[in-house]
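Model the placement of chain H on the given structure of chain Z, informed by the hints.
2 protein chains.
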Amino acid sequence: MALRHYTLDFNLSAPADCPSTVHGLQSIFQEQEMTETVHDTEGHGYLATFIGKNGRLVILRVHSHGLVTVDLQCCEGDNIAQVDNLLNALEKKLKSLLHGNIRRVKRLPALTRGAAVDRYWPTADGRLVEYDIDRVVYDEDSAYQNIKILHSQQFGNILILNGDVNLAESDLPYTQAIMGRGKENYTGKEVLILGGGDGGILAEAVKLKPEMITMVEISFQDAAFHVFLTHMRKACGSVLDKLKGDCYQVLVEDCVPVLKKYVEEGKTFDYVINDLTAVPISTAPEEDSTWEFLQLILDLSIKVLRPTGKYFTQGNCANLTEALALYEEQLGRLSCPVNFSKEVVCVPSYMELWVFYTVWKK
Amino acid sequence: MALRHYTLDFNLSAPADCPSTVHGLQSIFQEQEMTETVHDTEGHGYLATFIGKNGRLVILRVHSHGLVTVDLQCCEGDNIAQVDNLLNALEKKLKSLLHGNIRRVKRLPALTRGAAVDRYWPTADGRLVEYDIDRVVYDEDSAYQNIKILHSQQFGNILILNGDVNLAESDLPYTQAIMGRGKENYTGKEVLILGGGDGGILAEAVKLKPEMITMVEISFQDAAFHVFLTHMRKACGSVLDKLKGDCYQVLVEDCVPVLKKYVEEGKTFDYVINDLTAVPISTAPEEDSTWEFLQLILDLSIKVLRPTGKYFTQGNCANLTEALALYEEQLGRLSCPVNFSKEVVCVPSYMELWVFYTVWKK
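Taken in order, these protein sequences are the chains called Z and H. Heads up: the first sequence begins at 1 in UniProt numbering, then just goes up one per residue. Heads up: the second sequence begins at 1 in UniProt numbering, then just goes up one per residue.
Chain Z with its partners taken away, still in its complex shape (with noise of 0.2 Å):
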C-alpha cells in the first residue's frame, strides 16, 4: 500500500500575515476532525500538523519569507474525492485569504510513495521524472547487474540496468545515432558491435548488407539473452533467434581479450561501435575505473579500426557538460591521435537530449 503525497505552495509578494492565514483555515480542519499540532520552530514561521481519519497527515507552513507550504499525505487507497475536495477547499481559502499578495500557486500532480511500481526514474542530469509505467515486466539481479523491464504506454517495454534507463522500444533514433545510420555506407563493410545485448544495433545493421557483423556481449552468459529476446522483440526484432546468421556473428564473451585478440592478429573493421553499459560490468583488475576502462576500450577500439574506419558510441546527455569535456580531454590522450565530431539526439524515452561521438584515426 502506497502514499500519495499532495503538496500545494503559495509564491507570496510579502510575507503572509500569519494569525489570519492560520485562522482562516482552521474550520476546514475542523471539519475533517482532524487533530493540531502546533510546533516551536523557533523562529522559522509558522508549522502546524494535522492528523486525521486514515492516517491522513497536513503539514501547513506558513513561512517568514513569502512562502505558505501545504503537504497532504494520505494512504494509496483512501478516497481520492475527499482528498481532492480537502486540497480544493485549502487552495480556495489559502486564494481568498492571500488574495493581492499571490504570485503563484503550484499545487504538483501527487507523489506516489512506496507503490508496487516505480514511475520515478531520475535523469542523467539528475531531474525528477514520472514515467508512464504501468506493469513490471521483468525485475531480476543477472551475474552482472539488476536488469528491470517496465512498460511504459507510450515508450512500449524500458530496459532499465542497475536503475538507468538503458533503451525503450521506441527508442530507434538512439540505435540510428549510435551507428550513424544515415550518413555512413555500410554495404559490404565489416562491423564490430561492443555490447549492444538489446540486439536493436544488430537489428538495424544487418538491414544495411554489411560483409560481416560480429558483435562481443558478455551479458548472454546470463538471463539477459532472453530477457532481451523476450521483452525487447520492438528493438532486437528475430535477429537474435540465432547467435549465427549469414553476415553476423554474436560472440558471448568479455569484450577486452576479445580485442586484445584481434590486436594481435592485426584483424580491423570498418566500423567499431560501442554500445557498452556506461559503467563497466567486467571485473578485470586493469579496469578498476570507469575511466580506466572507458580508455582501455577506446584504444584497443582505434587500434582495430581501419585507417578511412569509424568508432561510434554514446557519450552523455547534454547538460553533463563536465563530464562530456573531460571524455573529449581523454579523446585527445590515446595512444593514436584522432578527430571526433558530436551529435545531440533526442532518445524518447531517456527524457533528456543525449550526445553521441563519432571518432576516426587522423
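Simulated from the structure, these hints should not be mistaken for lab results. Treat the hints with caution; some may be incorrect.
Which copy is meant is left open, because identical chains are indistinguishable; a pair holds if it fits in one copy or across any two.
As the list claims (entries may be wrong) - Result set (DSSO-like, lysine-lysine): computed pairs, CA atoms no more than 27 Å apart in a straight line:
(1) K260 <-> K53
(2) K234 <-> K106
(3) K209 <-> K244
(4) K189 <-> K267
(5) K183 <-> K234
(6) K53 <-> K93
(7) K342 <-> K95
(8) K244 <-> K92
(9) K234 <-> K209
Bear in mind the structure is a predicted one, so any value in this text is a computation, not a measurement.
For chain H alone, coordinates are given in the frame of chain Z:
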C-alpha cells in the same frame, strides 16, 4: 527563499518492527538536537515529527503495511552538505535496521518548492516532470493569455502559454510534423497557417518555395509578437521581421472571420495548417466550448481545402487515448466527409510523445 523537500522511502517485504526502528534512529535526531513530537494516528502506523535548527523538519512514518517514509524539508539556503549528511545517516541506519526486509530504497531528487524559477511543468497526461530551467526570460499577461519564456539549458528558450509547454527552440520535430515536412511537396502551393505565432512553421515553409503562404495570427495584436521575435529566434529565424515577404503575408486577425470570408469568396488552399493553441483564445459567443471551437475551425478549414489538399494539425499526447478518440469521432461528423492519418512524434521539450493528424477530403 524556497524550500527543499527530500524524500527517502523504504519498501519492505513485511511490516517493520516499529519500536526497534524508531529507537534505532533516535540517536541521529538527538545528535542534530531536533525536537521530537510523536503523534497519535489512531492505529495508522507510527508518525513522528522532528524540528531542528534553521527550520529543518523531518517527518518519520513507519506504516503498518511494510513502508517506511522519511520527509526532510529545509530552507534553500540551508547547508546542503549538512542536510545530505543527515539524510545519508538516516538511510544508512534504516538500511541496517531493516536489513533483510528491504525490497526497495528510493531517494528522489529534492523537490524545490516556491523557487523564483519554477522548474516543474507537468505533462499533458498529468505526470510530474522537472525541467532544466535556469532562468525566466519573460513572464507577462497579454490581452489573450499568459506568456512565459523560460530558458532551458538543453532545449533553449521554451514558450509556455497559460501554463502549457508550447514550443522550445529545440522543437523543430514539432514544426516538421505539423507541416508534413518530408512527405509533402510545397513547391508552388498555396498554404494557410492558422496561428503559428512562434514563426516556426512560416520559417520552414518559406524554404520550400511555395506560391503563397497566408498566416493568420491574432496574438500579434499585442506583446506576443515582439516576444516571439526577440526570444524564439531559433524557431522563427528572420521571417517575422516583416509581416509581408515575397511568398508570404501575415494577417493579424482572428482566423474565424478570415476563414468565413475565404469560404464566401471561394478561395481555396493546398495546405491548411492549424497551429492554434489547444484552448481557443477568441471569445466570440459561437465558440463557447473548446470542442465547438475545434469543430468550427475544422469545418471551415476543410471548406477552403482544394480537392487534393491536406489539413494538418496537432492532436494531443499519445497517452490521452480518450481525447484522441473524441477528436477522431469529430472528424467523422464534419459537413464534408474526410479521411485522416496520424503520426506519433517525439517533440524534445514535451517529455511525452505527441500525435499529429493529416486530414483530407474523401
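Please write out, lowest number first, the hints stated earlier that are contradicted by the structure.
The structure breaks hints 1, 2, 7, 8; every other hint is satisfied.
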